[in-house]
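Asks: Construct the entire structure; sequences and hints are all you get.
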Amino acid sequence: METIRLLLVDDEEDFRTTLASRLKKRNVDVADVGSGNEAIELIRERSFDVAVLDIKMPGMDGIETLRQIKKIAPLVEVILLTGHGSVEAGIEGMRLGAYDYVVKPCNVKDLLVKVEDAYIRKLLEEAQQRA
Amino acid sequence: MPTYGNYLRKLNSRLNSGINSGLKPAVFNLFRRKKPNKDTFSPDTLSNLFRFKYSCFKMLLDSNAKFLTVISDIEERLQGQEIFGMSYVRSRADQAVFHTLRMVKNLDDLSGHRYTLLFDILEKINLKIKEVLGKRKEIPPTELILPYVQINAEMVDWVGGKNANLGEIHNRVHLPIPRGFAITTRAFESFMVSNELFDEISKKKVEIDPDNPETINTTSEDIQQLITSARVPAELEDAILLAYAKLSEDCGIRVSMRSSAIGEDSELSYAGQYLSKLNVPSEQIIQAYKEIVASLYSPRAIAYRLNKGIRDEDVAMSVACLEMVESAASGVMYSRNPLNLFEENTIITAVWGLGPYAVDGVITPDNYTVDKNRQTIAAEISHKTVKLVSKPDGGLMEVPVEDKFQDKPCLSQEEIDILAAYALKLEEHYGSPQDIEWALDRYGRLFILQSRPLRVEDYGKGYPLTPVLTAYPLLIEKGGTASAGVGFGPAFHVASDQDLLNFPDGAVLVARHSSPKFVMVMNKTRAIITDLGNIAGHMASLAREFSVPAIVNARVATATIPTGMEVTVDAYSGRVYQGIVPELESFQNACECPMKDTPVYRVLRGVSDWIIPLHLLDPKSPNFTPSFCQSLHDISRMVHEFSYTEMFQLSDFVSDKKGVAFKLKDFVPLDLYVIDLGGGLTETNVHLKSVPPDKIASIPFNALLRGIMHEDFQKSQLRPVEFKGFLSVMREQMLSPPSKAERFGDRSYAIISDKYLNFSSRVGYHYSILDSYCSPTPSMNYITFSFKGGAADDIRRNRRVRAIAIIFQSLDFTVEVTGDRVDARYQKHEMSLIEDKLDVIGRLLQFTRQMDMLMNNEASVEALAKNFLIGNYNLRNTVTA
Chain A
295 METIRLLLVD
305 DEEDFRTTLA
315 SRLKKRNVDV
325 ADVGSGNEAI
335 ELIRERSFDV
345 AVLDIKMPGM
355 DGIETLRQIK
365 KIAPLVEVIL
375 LTGHGSVEAG
385 IEGMRLGAYD
395 YVVKPCNVKD
405 LLVKVEDAYI
415 RKLLEEAQQR
425 A
Chain B
674 MPTYGNYLRK
684 LNSRLNSGIN
694 SGLKPAVFNL
704 FRRKKPNKDT
714 FSPDTLSNLF
724 RFKYSCFKML
734 LDSNAKFLTV
744 ISDIEERLQG
754 QEIFGMSYVR
764 SRADQAVFHT
774 LRMVKNLDDL
784 SGHRYTLLFD
794 ILEKINLKIK
804 EVLGKRKEIP
814 PTELILPYVQ
824 INAEMVDWVG
834 GKNANLGEIH
844 NRVHLPIPRG
854 FAITTRAFES
864 FMVSNELFDE
874 ISKKKVEIDP
884 DNPETINTTS
894 EDIQQLITSA
904 RVPAELEDAI
914 LLAYAKLSED
924 CGIRVSMRSS
934 AIGEDSELSY
944 AGQYLSKLNV
954 PSEQIIQAYK
964 EIVASLYSPR
974 AIAYRLNKGI
984 RDEDVAMSVA
994 CLEMVESAAS
1004 GVMYSRNPLN
1014 LFEENTIITA
1024 VWGLGPYAVD
1034 GVITPDNYTV
1044 DKNRQTIAAE
1054 ISHKTVKLVS
1064 KPDGGLMEVP
1074 VEDKFQDKPC
1084 LSQEEIDILA
1094 AYALKLEEHY
1104 GSPQDIEWAL
1114 DRYGRLFILQ
1124 SRPLRVEDYG
1134 KGYPLTPVLT
1144 AYPLLIEKGG
1154 TASAGVGFGP
1164 AFHVASDQDL
1174 LNFPDGAVLV
1184 ARHSSPKFVM
1194 VMNKTRAIIT
1204 DLGNIAGHMA
1214 SLAREFSVPA
1224 IVNARVATAT
1234 IPTGMEVTVD
1244 AYSGRVYQGI
1254 VPELESFQNA
1264 CECPMKDTPV
1274 YRVLRGVSDW
1284 IIPLHLLDPK
1294 SPNFTPSFCQ
1304 SLHDISRMVH
1314 EFSYTEMFQL
1324 SDFVSDKKGV
1334 AFKLKDFVPL
1344 DLYVIDLGGG
1354 LTETNVHLKS
1364 VPPDKIASIP
1374 FNALLRGIMH
1384 EDFQKSQLRP
1394 VEFKGFLSVM
1404 REQMLSPPSK
1414 AERFGDRSYA
1424 IISDKYLNFS
1434 SRVGYHYSIL
1444 DSYCSPTPSM
1454 NYITFSFKGG
1464 AADDIRRNRR
1474 VRAIAIIFQS
1484 LDFTVEVTGD
1494 RVDARYQKHE
1504 MSLIEDKLDV
1514 IGRLLQFTRQ
1524 MDMLMNNEAS
1534 VEALAKNFLI
1544 GNYNLRNTVT
1554 A
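Residue numbers (the working numbering), protein chains in the order written: chain A, 295 to 425; chain B, 674 to 1554.
Careful, some of the hints might be misleading.
Within a straight-line C-alpha distance of at most 20 angstroms, the following computed DMTMM-like cross-link-like pairs (lysine to aspartate or glutamate) qualify [to be verified]:
no.	chain 1	residue 1	chain 2	residue 2
1	A	K350	B	D872
2	B	K731	A	E410
3	A	K408	B	D735
4	B	K726	A	D411
5	B	K731	A	D404
6	B	K963	B	E869
7	B	K963	B	E999
8	B	K801	B	D830
9	B	K876	A	D323
10	B	K877	A	D308
11	B	K877	B	D895
12	B	K739	A	D404
13	B	K726	A	D308
14	B	K797	A	E386
15	A	K416	B	D735
16	A	K403	B	E880
17	B	K1064	B	E956
It is worth saying that the hints were derived from the structure and are not from the lab.
Replies: Spelled out as structure tokens, the structure:
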């Protein structure tokens, strides 16, 4: 499998950097930013396979970021991170085309499995598009 | 039946309208380029479309399996025997909603968005669940500090149970309490909020794994560190110090600061769970306050809340700040014998010096029994060598008791009379037996330090006194009954906290001193025996609360009972025997389902009403539609059913031309349909609607079929099943709604490729999902198998599940059993091994078809498993105990 290009968006710096460094150790190409706006900027410049978005962020929240990402790069698979008790946002996100959502705090191994699944789904989509 | 072209047009129209996922425009473009026409698709296109659909389908099945696991898990907890906390309820509710959502989302993707209505229904049910989980509404207090003259029992939400009771005792029972004031929950809120401690704590709490006590310790340490190093807001600090100054009247008095937690439900005693600090000098008051607040998160308190199902959100810490009573003697009294309500005797225990030694089990106190006519009917004066006193610079120290006082009673007859009268007054006022802490100061004044409801065990008219059994070696002849009951198990010595961490399930705890720390293993231990300690101690009341038989003051337990020795603890009479004593078995405490009366249990019950009940039983019913879904189970059931329909419709469209879905021909035992994802069949004869089994090329499917078609089952097919069992199954079938009976013999589906198999079936009475990958690369290979449900009654189901679990364990699978469900995994093995296992599973699927009816007794569990494992599949002749 190719290296997965992953965009990690979360305003909680501790959580984000820890997660990013753990994912890097597992050979994922991670870019991490702290806000929806930065995420949008980055996604205009570079291609990503999977984006992991925290739903609860100040300014542009995860749901709005998801909307924007899907406009710019519809093939990017998005995994949403939610805190406890925000299943509603998860429902909304899935409706908007998120691949899946994960309840925070999550174990890195589980998240990685999700990321890989999302990546495979993306490859399938691309193959379909080429066909 | 719509045509494929219709289907795609529908898909396109969906894709054109509303919100598009990123995936869909791709599909859309694809089909726009090639105008929908079923004859023009290339096999590649179809294959990719199918793979996309299949990846949705697989995720849906995965969530379906997980959702069912959540349900089984909740059902198990609803029996009330296992302990859980609010975090458990929240996480299970979240998981249930999450997996249902994932199923809905994938069905919606799979179908080209024809099920968006299900999102709305899910949202509605989710709201209902939220409602149940919602926090209680409370009126917040406005004062940071309240003096006792202003406090009464109704203010429990502001000042906690202990403060409220002290206020009540002072103002309404008119008994003496030390002077002082309460630091309210408003103060607590302001301290926590100004430091953002709630958020920080909830972040740390996620590290807790209830099954691993070590994580409780480390998390507790982190959280307490966080709290004690936070700053008390200036306004609060000023208020506390001002109140202290008024109390002290410039005399520089010491105070005792005691925890008074909110959530001290009168049903539960919180014996010794939180910190109290005695002899606190003025300059340490603020630090002591923070330490007491932090004790809300001591390992003991965390474990206790977890065990008792108390939500963290529902606890808060108020603190009692009382003038320090430099007591000459102190102790505990029970207004009635906690072991026998019919005995209207007040029991008073007393030690020299400060109170902690009366409840910590360090020394054995004097014990006075006063009957209802206020006659002292028994006075056991113990040998008291040490006592606890205040240190001049704050804190406490142990000092020797002067020789002449060591064997002297701590209380005079007059003092006993006064205390007994106080006890009766308190019992009368509160209308229930009380557990009271008292102190006697050096001027001979008696104070009440605390009074709370005594949790008494109702053993009926007197508790059963057991005869001495001479046939067994008697290890302990006479200890004090701290909690009545009988327990068996291997002894395990506890001398340190580390020992508690390593405490084995089902052991008997043996220790020198009694300690309230034992609460950490109360759900694991069968009985407790301590050399020292007393029946009025904290540990004793915890043991009674958890219904753990406990003997204290056994003196020689640690010396005569080594770790590992099997013992029988008869805590009715204070005796311990070596070995298992069958005569005492009937005395074992029946399970009291400790969870059932807790608030958290009621929340789980309420939540489960929106998760578990299944109303949509019959897919053929006109009500089998989204708008009739009333629970998450309904939704998942419907999604699951529809997902197969979707996959089949897709298969049917494709199979019209491509030969993707087949009925397996001449396949007697099963109504089996096969969907080939690629390479699963030796030839793709597009004109066939069914295939003979020998045309299958899928490695894992062939292996499974070998087992299913094992010759022994061909022979046994027509044998009549044993009558007794069969009738009982029939009865259940007839009592169930008719639709349930129709499920009998439902279709089975095999989705295959050359190396892959997903086999789901409803065979006979049960439901199973098998998923396997079988290739020359061992690291990729796996088998997962889930088995659930059945028509027979619960006990049979449970037996069958256990039999299957035994079989899978013997086959080297990793097995988990939850309720009536078995999950087994086997992975990273060579292809030939995977094939062998699949063959056995095939046979097991056949074997289990009639297993239900044969599960007549406990012995049949082992017997059936054994017969299967030795290859004896002829059930009729083998079901013997």
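Asks: Measure nothing beyond the straight line between the CA atoms of B/K877 and A/D308; if it is 20 angstroms or shorter, mark the hint as holding.
Replies: Given that 20 angstroms is the threshold and the Cα spacing comes to 13 angstroms, the pair holds.
Asks: Could you grab the alpha-carbon distance between B/K731 and A/D404 and see if it respects the 20 angstroms cut-off?
Replies: holds (17 angstroms)
Asks: Within 20 angstroms, alpha carbon to alpha carbon, are A/K403 and B/E880?
Replies: The hint holds at about 15 angstroms.
Asks: Quick one, are B/K801 and B/D830 close enough, alpha carbons at most 20 angstroms?
Replies: violated (27 angstroms)
Asks: Hey, B/K963 versus B/E869, does the alpha-carbon distance stay inside 20 angstroms?
Replies: Judged against 20 angstroms, a Cα distance of about 15 angstroms means the pair holds.
Asks: Would you mind confirming whether the straight-line C-alpha gap from B/K739 to A/D404 stays at or under 20 angstroms?
Replies: Status holds; Cα separation ~14 angstroms.
Asks: Under the criterion that the straight-line Cα-Cα distance not exceed 20 angstroms, is the pair B/K726, A/D411 satisfied?
Replies: holds (14 angstroms)
Asks: Next pair to validate is B/K726 with A/D308; report whether the Cα-Cα distance is within 20 angstroms.
Replies: violated (38 angstroms)
Asks: Below or equal to 20 angstroms on CA atoms is what counts here, so check B/K731 against A/E410.
Replies: Given pair B/K731, A/E410 holds - Cα atoms ~15 angstroms apart, limit 20 angstroms.
Asks: Is B/K963 within 20 angstroms of B/E999, Cα to Cα?
Replies: Outside the cut-off at roughly 24 angstroms; violated.
Asks: Given the hinted pair B/K797 and A/E386, is their alpha-carbon gap at most 20 angstroms?
Replies: Distance of about 13 angstroms is within 20 angstroms: holds.
Asks: Given the hint that B/K876 pairs with A/D323, test it: the Cα-Cα distance must not exceed 20 angstroms.
Replies: violated (27 angstroms)
Checked against the numbered hints above, the structure violates hints 7, 8, 9, 13; every other hint is satisfied.
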